[in-house]
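Student: Relying on the hints, combine the two individually framed chains into one complex.
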Amino acid sequence: MSNKFSQTHFEIIRVTVPSVTGACTIGSSAGFGTPLTCDQVTNDETIYSFASEYSPLIPENNVFKCIKSISETPTKLESGKGLSSRGTMSLLLKDFDGDPNKDSPAVLADSSIIKQGTYLGKWNERNILANRNITVEYHTEEDYPTPVQTRTYLTESMQDNGNGTWSLRCKDVMSAINFDEYQFPSNDAGFLRLDIDDTTTTIPVDTNPYAIDDVILTGEEFMRVTGVSNIGTGSATVTVQTRGTPIVFTEELTRTSRDSHSAGDAVFNCTVSNNQRIDDFIELLLLDADIDPVLIANSKPGWTTEVDEWQSGTRINTLWYKQEDGNEVLASVMTDYLMDIWFDPTDNLIKISAISQWKTSNSVVEEGKQITYDTFKYVVDDNLRATRAYAVYDKSYLSRSDDIESFARLQVFNDSILEDSDYYGKPKAYRFPNSRLLDDGTAALLVKRYVNRFGLAPKKYSWMCEERFLDFKTGDVVDLRTPELQSITGLQNTNTRAQILSIKPKYAKVGREYAISAITYSPEFTDSDIIYRNFPEMQNVNLYDEAGRPNEAVDLTFVFDGVKIGSSDRTVPSMVAGNFVAGSTLTIIFIGGTDLQSKGGDGGSGGSSELDQESGTWLIIAQPTAGTDAGSCFDDNGIDCTIYLSGPTGNVTYPTADGYIRAGGGGGGATSAANEVAGDGGGGGAGVTIGFGGNAGTAFSPTSGETTGKSGKPSDEQGNGGLSNGSGGKGGNWGQDGNPSQTPAGIKGKGLAGLLTTLIGATASRFINGGGNPSL
Amino acid sequence: MRVAQSNILLDTTPVVTSGASSGDASAITDPDHSTLYVSGSNTLVQVDFGLAVNISYVGISGHNLGDSANNAGTIRLQDGATVILEANFSRNKIVMFNFDARTFTNLRLVLVADGGTVGGNIFLSYVSAGVSFEVPNDGQVAGFKSANQTRPVDVRVSSNRSASPTAYVKQRKPLNITLALPNMLTSFIGGDWQSFLDFAESQPFFLNESDTTYATAIMAFEPVFSSPTAHAQTRSLKNTTIKFKAFNGL
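Chains Y and B, in that order, are what the protein sequence lines are.
Per the numbering used here, the first sequence starts with residue 1, numbered consecutively.
Per the numbering used here, the second sequence starts with residue 1, numbered consecutively.
There could be a bad hint or two in this list.
Unchecked claim - Using 25 angstroms as the maximum straight-line C-alpha spacing, the simulated DSS-like pairs for lysine-lysine come out as follows:
#, chain 1, residue 1, chain 2, residue 2
1, Y, K65, B, K173
2, B, K245, Y, K4
3, B, K243, Y, K94
4, Y, K369, Y, K509
5, Y, K369, Y, K506
6, Y, K4, Y, K369
7, Y, K509, B, K243
Hint data in this document are derived by calculation from the structure and do not stem from the laboratory.
The following block holds chain B by itself, in its conformation from the complex (with noise of 0.2 angstroms):
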């Protein structure tokens, strides 16, 4: 599980140099998602990021691909015109790709829509990139909920006097997550946790469970910190929780 502590885009503003419109791309890296960027093509975008130092994740939150034709969509990360990943995933999924930390001459994202998007254009709310860690034991102890293979809605169900149903009417709910780190190093929770934390209490993070692939991520926010409690056999571990909410793009 790797999990991103910092964000190198903030406040930036971006190139689209695909499928451009008249919209505002600072959107792209204002993590605020009632700002978003409606391009003008419904089949491919490219957007320039330009010199990334020394990061190790990308994370893209917000975006419709999975809305096109074939119910599936492709991000390329790429530095200027090689392609460093590739994530191939269905539905709206968030994706956050993760490598050893390298500078991008000149990062960039193509994002193709499968057959080109149903109804609109390829939009896209926020993208992220920075410095992430890798979670020690890889956080996921028994009952770690996984955020991206769920559906963040309700449903209520009216139904006739035959007990047959007769409406669906959904809701949209955030999903409300805890992670939790039993038996960290207290260096863990001292170091990494702590830039973390740092960032986290400002800046909504991308968490993604697997190593190797990319469209099994999330978006968390509204962070709810507690606090490191002692080991009961060693000093040289902690046990440590956070909750928070999630968005999976679903």
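Chain Y with its partners taken away, still in its complex shape (with noise of 0.2 angstroms):
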């Protein structure tokens, strides 16, 4: 944008047209080198010029003055929703004498063509003005001919308004995958040739090119093709994976029902997202739109750092199958991991923008520039807000209906603080659609990120600002300053952050402005903030994933409040500080007697015997196994933490410390089986989540039948390790390895996982460190 003080606002539109230059006849006619009129092939692209009624004289020929107004309606970003709206544009143009196609045989053969009808009327008959490319060029008289903006769109329609105007429609390129317009995967379906079982694994298809690895859905049952045969012949049968197994890839996609299908019956052959990159996805899924692939390699820059900084690790794992309709589509991945996606008709790219709270501010907006004075208002919008958010996942059989009994899990997260009578007094909920894209990390990730940004009701601002001071973009994060914008002193709050949600252009009686809308944006956590947790248990915590991945180094302070903290797998440690970027800093206090344990081994399982009767001796089948090891309960990650247990942690909200740390008890060993005595299974190890007790072994005899050993004894929450029952060996308490018997122990777990932590208030009994790491 020029940033001249004194601008003469005037806008160029040029739209280009496939043409054909040299020969062009219809029929025995003389043609007007347009693809309609000519019978020859296109080889050419015209651009026809239009300039507002106001604008000066442009040293350029043919660029016709006849735009007498432009309205415009940019992309908005739709917050929480994933898809902006699309932005639409709309010129009336004045029609004129001329023609349009001077140069054409037809014109040149007959000159008298010129001085009939219209310039616009000719040029609407003579070209298909739909999805032209047309570009509105924004010009100040002082940068001439340089635009300060150019912003690109499709044409649509045009419209004889009768009374010698027309109106020539717009809209931007993300309109290709408008609702009811676009199904993905645009791929045609094939069919059965004969009519097949349930169990066969050769399957006769139609001619469509199928190959290894392809995934294929008939009725409900999905098949995963190892081998093809006649391809692309009447005689094409691919070969499938035994029916009814799960379709796995590096993840396990989906699990399926095997059935006998008749001929005739559809044969989809899915678009499998194996691994994928968020980034990959949208590239797939616009080409597949048609969307053009010189703007999606020039956009797809922009999105492979996007993802790489706010969703680094996130793949996608499933199957497209059937059309589904596109819009739907992107509008699902894009919601379930967070992200906007919108057209910048200024940049011609497709943008994608994380929503995070830690977005830092591109630049501050302030009144008496990019806020013009005395147009700043707001508005407390509530249908966003929700002090808690629901995710449910984990779609097993993906060709079942998207109703909630066909997925497993559900995640939830809430902020007690917005809801306790000192703020709203009451939950306000938000659920995402049901998920088939989601797993534990992500839907964790997505419904902390949305309470994040939207448990405080969002603000919707408004202003005007005029051209030379547009130095911010749709999407965009910025700080706001404006006397309207208060403390609670009613001196000028200057810790107001807002993302940009449109840019609309307003073509006012002189020159241009432009409409701006924007939505808080609340800051990230700074050195005062507390993250504060008090769920009554929680698993396998991830700070940085509580945090909602910061992408600097922080200084955080975490409060946990009477929870218990365990871990579901004894690999992963209870809590972990997590992937914050080097040189930050965690205070981690527990209140409320917040109880951090890890994982209990498992007992090990007593072996089993058999009597062979031939030979009358008994057979070990099966080998008892050792009990296991117990898990880490806090593990640094390299991370700078400092974790209170008791005593003055020198916060002024939570000022006195109660909590533990105890690591687990290895599981008890076992015992083998001894002829026709069963083995006993080992004690489970201390821990939360308890170790389980090692189940039983058998001895089985053709005559006598089956006797079962003894099954190892849980540990229970308060430190004790489980007893065996028999002989096996006992699971070890709090920081003990468990008990040997003919097989090895589990080892005790670990207090502290990390190198970088220092413990205070660590006393005996509230910190058990096992085999764990000395405190700093």
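Tutor: What follows is the structure, given as structure tokens:
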């Protein structure tokens, strides 16, 4: 944008249409050099230029000053919905005498055509003016010929208004995936040539180009192709894996049920997302929607950067089957990963932006400059507010309905402070659409980011901006500075951040100005902020995720109040610092008896035997297993952490710590089977989650039947390892190895798995380190 | 005040004999200001129109000589190599040469940018030549707007909280002019005025307030005609007005 103090505005639009240069005939008559009026092949493009009526003399030929008005409705980000609204533009053109194809064979042969009819009328009749590239150049006389901004659209239709004017309607490129206009994937379905039963693995298919590792869907049954034969012919078959077995690539993509099918049944060749990056999937879908590959190629580096920063480890693992509305598919992906996607007509790029409270501001927007004086206003939008968010996910059978019973897991997050009577007094929930894409990690991140972003009722701001000050873009996060935003003391609030939702050009009576809309963007946690959790139970806590995955070094305080923290898997610590940027420091305060334990080791399983009737000897059919090791309580992942377990914390709000860290016990060893005596299981190690007792072995005789040994007992959560019940080893108490028997016992867990953790108030009763590293 | 009432250059194509480019020179005689001739020179352009019989004015509209380094330009009206009249001016003013009717063996215009145009070559949008007439009583009744001495722009200014300006935004607009002609002889209304109306209804026309200076003209278009009205005291006189929009080049 030009920042000149004094500017004289005008606009030029340029429409590019295909054309035929050189010979052009239609039948036996001369043509007008357009595809509709030439039998010859299209071999060129022609650019038609029109300028606003109030433009100055433009030193270019054939720039017709006929634009009476321009109306633009730009793209607008729809927070939390993934897809933005599409941008549109409408031009009102005043028709005039002349001919748009003066140099065409038909006009050269008969110049009287020039004076027949009108320029725009003939232009409309000789061309298809839909889906043509159109640019709007914003000019100032002071900066001409360089446009201060160029906005790109696609033409949609020309409309004769009947009063000597025409309306040219335009749309943005994302309209290619408008609702009901595009189905993903776009490939056509094939069909079965013959009936098949529910066991055959040789599938007679049509002539479509099936290939190994394709996944096909017939009825509700998925089949993975493992071989092909006679593809492309009338006897084509594909060989598939055992019918009814799960479809597994890097991960299990779906389970399926085998069934018989009839000749003629549709065969859908699914699009496989196998460990696919989000940006790669967007590229796949938009290419499938026939959006300009050059535009996609130009846009993708920005997507990759954004995904690397905010969803670096996220991969899509699913199947896209049958045809679904492309608009909804893209919306579901963007929503699940809390990102926005829109077309920026100024940069002529499709952009994506993650929704995260950690986005930093790009610039300051202040009254008197970017905010035209006396135009700033705002409203509180309670519709978006949510103090808790739900995500339902894990759809094992993809071909089943999207009703909730098809999904196995639920992730919930709430901000209990905001639900307290001091704030809103009651919960306000937001439930995401059921998702087949999310996993535990991404679902947890989704609900946390949403509540962090929209926990407080967002304010929607609007103001006008003069063109010379327009130095921000849609999607930017900016700091607002205006006396209209007051602090509690009445002074100007200097801590208001907003995300720009849309920038609408307004063609005022004199020149252009811009209507801006923006929404509250909660600033990231500052050093004084506290991330507070008081859920009764938590597992596998990742502090980095709890903080919304900040992208810069931070100094944060976490408070856990009365939480029992464990792990679902002994190989996963109950709490980790996570992937914070190096240089971050974390203060962790346990209050209300917060109890951090690692998972206890499981007892070993007893051995089994069986009597061989012919030889009369007992055979060992299963060896006893060793007790498993207990897990770790806390891993700092190389981040500087301080954990308060008792005593003063120095924190004004939470001055006194009260909590525990206790390593789990190893699982007890088991015994072998000895002839007709089955082996006994070991006891489980102490911990949260508890260590399970080892299974008893069996001894089977064809004549006298089966006898079983003694199963080990599980531990309790009070630090006691489980007993064996038999001759297996006892599970370890907190911080102790299990007792071995004929197999080794599991090793005690670790209180601290990292090397950079400082413990404060770690008395003997509050801290059992087991095999962990010493505190600093 | 002189007003053009014909144009002999319509549908002709002049020859650019100095400072030529590959542009279409017919744009120079096309009254459509969407078309213009961009020359190959930023200092001097010479255009020959050939034989011009019995003309009394030449009008030049839509040039950029005033965008020169010295913000000044000169247009010479010549018959071949002989200089007939010369207009020196600042800014991109519209020029209308007025003279007693005469024939040019080779009507030639020479456009000179003082110090060379800045940011591009000389361009020229429109030249008209033909017969003009002297408006009786000089045409300048009280209240007539001298459109060549104003600026055809609207200005919008944003200010800050202390009411001082922060941004000027301008937009061009055509000027709205009313030419009132009271107390005209009925012979004028039935004669030159009717010829003028024939011309004005389909072509833009040049109008110069002065007979002796040339860069004081405007190009008028989109006329709104009024029926002449009877004089209150005599049938030998009539009153009439014409409204139009004007382009002054500024």
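Student: Taking the hints in turn, state whether each one holds.
Tutor: Hint by hint, here is what the structure shows:
1. Y:K65 / B:K173: The given pair, whose Cα atoms are some 13 angstroms apart, holds under the 25 angstroms limit.
2. B:K245 / Y:K4: 30 angstroms, violated
3. B:K243 / Y:K94: This hinted pair holds, its Cα atoms lying about 22 angstroms apart.
4. Y:K369 / Y:K509: 21 angstroms, holds
5. Y:K369 / Y:K506: Between K369 of chain Y and K506 of chain Y the Cα gap is close to 17 angstroms, so the pair holds against 25 angstroms.
6. Y:K4 / Y:K369: 13 angstroms, holds
7. Y:K509 / B:K243: 23 angstroms, holds
The earlier numbered hint that this structure contradicts is number 2, and it is the only one.
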